Structure formats: C-alpha cells, structure tokens
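*Asks:* So you can see what is in the structure, the chains are spelled out below.
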Amino acid sequence: MSTDYETVIGLEVHAQLLTRSKMFCGCPTAFGGSPNSQTCPVCQGMPGVLPVINRRAIEFAIRTALALHCTINAGCRFARKHYYYPDMPKNYQISQYEEPLAVEGWLEVAVDGAPRRIGIERLHMEEDVGKLIHEGTLETARASLVDFNRSGVPLMEIVSKPDVRSAEEATAYLRALRAILLYLGVCDGNMEEGSFRCDANISLRPRGSKEYGVKVEIKNMNSFKNVQHALEFEARRQAKALAAGERIVQETRLWEADKGYTLSMRSKEYAHDYRYFPEPDLVPLKVEQRWVDQLRTTLPELPVVRQQRFVSQYGLPAYDAELLTQSRALADYYEAAVREYPKPKIVSNWVLSELLRELPGDDEAAIARCPIPPKNLARLLALIDDGTISGKIAKDVFEKMYRSGEDAETIVRREGLVQVADAGALAAVVEQVLAANAPAVEDWKKGKKQSLGFLVGQVMKTTQGKANPAIVNQLLLEQLPKPS
Amino acid sequence: MPTIAELGARYRSGETTPTQVVESYLQRIETLDPQVRAYLTLTRESALARAEATEKRLKAGKPLGPLDGVPLAIKDVICTKGVRTTCSSKILENFVPPYDATVMVRLNAAGAVMLGKTNMDEFAMGSSTENSAFFPTRNPWDLARVPGGSSGGSAAAVAAGLAAGALGSDTGGSIRQPAAFCGTVGVKPTYGRVSRYGLVAFASSLDQIGPFAADVRGAALLLQAIAGHDPLDSTSTDIPVPDYPAALGQGIQGLRVGIPSEYVIEGMDPEVGKAVSAAIEALKGLGAKTEKVSLPTTNYALAAYYLIAPAEASSNLARYDGVKYGYRAAGGKDLIQMYGRTRAEGFGPEVKRRIMLGTYALSAGYYEAYYGKAQRVRTLVRRDFQQAFERVDVLACPTAPNVAFKLGEKEDPLQMYLCDVFTIPVNLAGLPGLSLPCGFTQSGLPIGLQLIGKPFDESTLLSAAYAYEQATPWHARAPALP
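If you're matching them up, the sequences are chains D and E in order. Each step along the first sequence adds one to the number in the numbering used here, with nothing skipped, and position 38 is 38. Each step along the second sequence adds one to the number in the numbering used here, with nothing skipped, and position 127 is 611.
Same shape as in the complex, but just chain D:
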C-alpha cells in the first residue's frame, strides 16, 4: 500500500546567472548567438589558458545566499570535477566541492496553508558546458558539432536538504526559489531554455522511519508540471516496487515527458569518479564580511514579504497576493496600476485574468514588452467608473489596447464606444424592443421575472453594447406593464 510510505525529496537547482560576461573569461553570455561566436581561448579550453573569477557572478551568488538565509563562508575554493564529454572543453568543470560559497540556509514553502521550512544544504558556483548539435539523432548522427557559446556561463547550484515531502511541495519550493531569483535579478528563470534547471533525488521510507530509503536521481524535467508529474510517477513506481518486495536501485532516471514515465539511464552511465581536487589555477576566494554587508543592503523586498504586504496593505486575498508576487516585474506592474487607480481588488482581477491571459509569461521580459503600461490599465478602469464605457465594452477595449498599444480613450473615441446614458435616446430603443418582443412582454405580465434580463439584453444588442445597463433597466421597468 502506497500510503505506508513517506516520500523524501531533495532538489538540486542549476541557475544560469544573468552576468554580462562568463564565469572565467570576458566573453558575452547572451543567448542565441551563432555557434562559437561568443568564445575565446579560455572558454574553448585551449592549451595554456587560465581562468579569472567573475566578481559580479560571486556577488549574484552572495545576494542569493543572503536571500536564502545561508551562512556565507569567509573563504571558499574552486575545484575541478573531471569527466570526459565533448561539450566540456577542458574535460573538467571548474566547480566547488569541499569549500562552497554558502551553506545551511532555508526557504519557506506553503502547500495548503501551513508554511514549512525547506533546508538549503549548499549554494555553490560553477561554469556551464557547451552544447552538442547532432546531425539527426544522437544514435544515427554521422557527425556531431560542438557549440561553446554556453561554455563558461556562470551557474549557481542550489542544493536543498531532503526536506521535501511531496511533488506539490517540490514544485512549490521551485516556484518560491525561482521567484527569489527573479526578484534578485540574478537569473531569468526560463526553464525551457534551461536557465533554471532542476534535478531531484527521491526516495521512500516507511512512515515514521528515521532512516532514508535508497534514492533515485530524476533528470530531464524542464517545467514545473514535468517536475510534479515525474515525482508523482516516481513515488508511485517506488511504492509499487517496495510493496512487491523489490529493492530500489540507486540510479539516475530520465523523465520522459511525452510518455509519462521515468526511464533508467544506467545502461549509458559510467560509474563516475570525478576526481575532485582544488583548482590550482585559482587562489582561494576570500569573502570579507564588509562585502557581504554591503551586498545585503542591495537586497530588494523578497516575494514572501511582499505577498504579506499585499494582503495587509491592499486587503487582497492571499491567493491574489501570491500570484501577483511570483514575479517582481508583475508585482511592480500591479502596484503602479494601483497607484493610479486605487481599487486594489479590481486591479488584481484585471491583472490576473485579462493581462495574464494575453502575456506570454510573468517574467521581466514579458512585462517589459507588455503593450499596456500600468497607467493605461488604470485609465481604462476609470472609464468604467465614470460611466463612459461598460465593463463588457472595457474587455473588448482591453484586447484592442493589447494588440495596438493605443490607450483606452483613443480606441473608445475612434470606435464610438462611449456608453449611451441619455435616457431620451434610449427610450426610443426601448420602445422598439418592446414592440418587437411581444411574447417576452406577455411572459413578464405573467410574472416571469427573467424576461426583464432578456429585454435588457435585446436593448444592449441593438445599441451594440453601448447602452448604460442601469438606465436601460430603469426605462424598461417604467414602460413595462405591471405583472398581473
């Protein structure tokens, strides 16, 4: 029975840092350059080259470590991790091993209300590898090409403790971590492009047991949904195996998203001995307290704090506050709109439903490209309030604003969408509608109250939605015979 087991999950996140240059050389990190256009002898692993630490990358990592309540080690070291693969030009990766940048932090995660602290084991720096491009598939390719543009891009590895207890909690942890990285501006958080990657270690143990079971590493999960499904699948697989009296093999398994299962990599994997040793080309890195203190002053308001503030300051439901604060850019957008149009819940509704439906994402880039600036959204909402347009028309105007980038007034004026609130002009329409819908009027007389709604709708239709519904309502009630 699967309920006899407790799921134990630890997560490893690799986050690409948004520095302009690479970890150990001056090459640009921009995504999408033509192959090998952003390389130099250092990131190509030429004979004789030496690494030089990117100070900005270390600062990004320290700021992240502070946001995760980590202890920052006063001295840390880089180490070489050895394995052979053509995407890695030196056949070793400069990483950190025994002396990481930071250790012992935590991140608060809430699933179904009660927040829990997930421990952070360590945070360290390393360099990314290049990319292989196969002619066709890996198995059938006649040749493979190497692109070193990504080689040497700074990576931060954040390893959680085995504190996560469910797939939901795992995705909640990842969302919270991603939100922090976005707030700090150190990573763009793009999972599909691989700038935010996650591997998971998962094991099961009899509920109540203190000892860990045999863990399995899951790779190849490039979305939150994949993480959730992969971990749910794997927990079920292990539970079934354990229930059948099988032993769990310590191995790496790949999540096959299309097929919905995990598959063992063991046939292709070699038992790796990474032969770590301290990188002799770099002197130990001293992190002075003064530097850390200075960086601490640059930390922004972090997601959890902002979320709480949204609830207390704007009176928003926790659900709204959480969604609005997932991305710093989105939260900034929201607050800018509320400043112009101080009805927080209405703004929240529009941002969460209308705006997020149109935007390709909630990250900085998506918000930056948003064709409706916050003050235009605020103006649109003000037009509803002052009776210029109806709420229904406002949704159409919003769509047009999004397509064209124009402001609400321009669209409303040009398209003649101003609401008709003139009782004289509407009276004629009401008369016409009553004449054309005799059966509905009969129904009304018989006491069928729904008829009123139908007749309002007919008036709205005739005026192409421009009639002020309150006035139409009033006019109809005046003109309809009293129900018998």
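Do not take every clue at face value.
[Stated by the list, open to error] Listed below are the simulated DSSO-like cross-link pairs for lysine-lysine, each with C-alpha atoms no more than 27 Å apart in a straight line:
#1 D:466 - D:375
#2 E:817 - D:131
#3 E:938 - D:81
#4 E:857 - D:286
#5 D:81 - E:758
#6 E:857 - D:81
#7 D:286 - E:938
#8 E:808 - D:131
#9 E:758 - E:773
For the record, the hints were derived by calculation from the structure and aren't laboratory data. Remember, it's a predicted structure, so these values are computed and weren't measured experimentally.
Fit chain E to the supplied structure of chain D, relying on the hints for placement.
*Replies:* Just chain E now, with coordinates in the frame of chain D:
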C-alpha cells in the same frame, strides 16, 4: 658570442645592426643546429621583420630597450600566436595557438626577436629532452650527451650560441638542471612572479617560466622584461618588480649563505661535490658568511612531487582528446574509442605514465592517502625553507647530483627522476632558484651551482650569482662545436 647586454651596446654604438645579428644567428643555426637539434620550429621571416623594425626605431633615434633586437629561443611549451606550439608532443604536432602567452606579449613589446621554438621533453616531463616525440637534443659540450631537461632545447641553444637568450619553464628543475648541464645561467622565479598565461600547463601549482642566458646580467634583463602581475593569471602576484640589473654589482659582503646538509646524496658525482664546495669557498672569499642549515623534509620531497605533479598533469592534459584541436586518431567507432586511440597514439610513454600515476592519486578512496598526504609534505617542505631563511639570505647547493649523461643512459624512470632531487623542493616551496656554472669535470662537462632565495627575492640571487660569476672564469668558456 656577445651577451645580451653587449648586443644592446653594440646596436647603440652602431658597431652592428639587429638585422646583421639576427642573420648571423640564423646562419649559425643553419650550420650547427643539425648537430645540436635545439630547435623544433624556426621563425626566420618574422625574426628578420622584427629585427628590421628595431633597426627603424634605432634610425628614427628612438631609445632602444635592453631587449630590442635581441634574438631569443622560446621553449615550445609557451604559446605563440600563429606559430605552432607542440610541447614536443605528437598530440599537439600541428597546434597553432590563436593567442600569445603574456610573456610573449611582454617580450614583443620590449622589441625582442624570437628566432624559433625549442625542443623539450614532451609536456615538460623529463630531465634529458629524450622524451621529445620528435628527436632528442644534444649537449653542445658533448654531442653524445643529453642537454638535460625538460627545457633542453632552450639551454642547448644558448650554450651553443644559437640564441642570445631563451625562455624555459621549470616545474621540478626543468630550467635549472639543463642550465647546469649546458653551462648557462638559468632562473626559476618565485611562483607567481611571472605570468603563466599561455604556458601550456604541466603542473599548475609548480610551473614557472624563466630565462636562460650566457651570463647573469642577461638573465636579469630577461627576467625584468617578463616579471610582474598579470590580470589573466590569478596566481601571479601583485608585488612590485625591483630593478634586477641594478641589483648586480652591489657585492655580497656579509651575505649569509646557508649550506643544506641534506643536499649530499649517495651516488652523487664527486666532481660535482668538489666544484660546489669550491664555489662556496669562493663566495666566502667574496665576503659571504656560510653556515650549515638543515632541511629535514628534503628526503620526502621527491615522493611528494611525484604525486602532486602527476595529479595536476592528469587533469591539465585531459583536454587533449581529439575533439577540438591537435591530433585525432582515425577510425574510432564511437566517442570513447576516438578518445582512447587519440590519447594512446598522441602521448608518449612518460606522459602516459604520469597521467596514470596522477589519475590514481586523485581517485576516490586514494585521494587522502596520496594527494592529501603529499600536500601535507609540501607544507613541511615549505616550513623547512622558512625556518632556514630566518637565519640565512640564500642557500647554496648543487643544481643536480650529476653532470650531463649519455643519451639512452638512464632507461629507468626512477633514475631519471633523481636528476631533480635538488631542484624539486624549491618548486614545492614556490621559491626562486638559479643555476650558474661553477666549474667543469675533467672531461670538460659543465657543473651547476644552485642558489635558492626567499620568496620574491630574485634580486639577492642575481646579485650573489653575479658576484661569483665576475670572480670566476667559467662563464667565459664556450663549447667547441665542429
């Protein structure tokens, strides 16, 4: 042959021109190098072009730097933009670096003229230059003998007058030992004094580039040009570089010279011992005070070195895999086979031996017992020197326990490793060391005296060596080449 300082003086006086000098060196190389075989690659055209550039500066009345128009030989482990850099290995036989090592940038800026790239033990692993994948280099004093190694090509070029000076690299004695075998001056600077950027790495925590010259002043001039902090090398040190030539001629009155008692080993050539003792007496005669010091960890230094250096080498040489540059074996069915064949065919036996040793020393379960322990020995070796330098200014000892041996004479790798027993501790401690001629054997082979200094105190080494050199006749001798 004129010294480096003499060349500059002659250019300025108009006695000769850089073009004439470079042409005469190229001529001499053409005549003599087929016997010595110091060079792997000659850069005739660019050398003449650079000589001409110096000449133009001279004619334009611009002040000449001390290395302007000075013809140099560069060990083939130092990257030279557009000029093939092989490390005497088949795996890099056709490798042409797209960049210059920092030392080359500095030499070029100083107006120096590279004549070519010199032969060496493959990837600087060896003490005889017999480990070159291409051919061995001969000792100009006796062509049947080795020039030492691994910088044997550079040492032989200077000794045979095929270059006015040279650069080599020293990981465990690779400048000092061939300097001793060839009767030249060779300096291994303090670790961090000279940038390693562009030096093809053998053992990163031990490697240093340094100069060869026929006399101490020449070595000082070369060191002056290449020393100093380099932002591209995080292990280079930001300590001001003193004026080395200015330190020469200050005399050594009162200099405290330590004589390490452990630097006498069984099987040492008695002629070496005698010459070094005489040299120490000569230093005394020049006003130095000598005293015996003890470096008790010396006996373990060689063993520690042969764990640390191969460990780092196994890592540094991992990049030669046939994927990006250099040799790739044909016919591999898959990636693993391509890697395996490339490295099996591309590396020579000594390189393979050290990759195996180093891979083993870093393996999980063995790391602490081998690499970890060797690092602790290294700390003790460094402490020995620190304690000695509380009492003395320099240490004096033989550079090598023997003189140049015959080609093929040392087939046992362990016998070969013993050649560096007096030089290796200096690398482990990161100290500066210098070798200069202090006599000849009965059969006319040069003997080297090693002076070891405090960190970043190359000035004292050079000044002591200069005082000794000026008081003795050895540097004036030249090999009689047919």
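*Asks:* Report the numbers of all earlier hints that the structure fails to satisfy, in ascending order.
*Replies:* Per hint list: 3, 5 violated.
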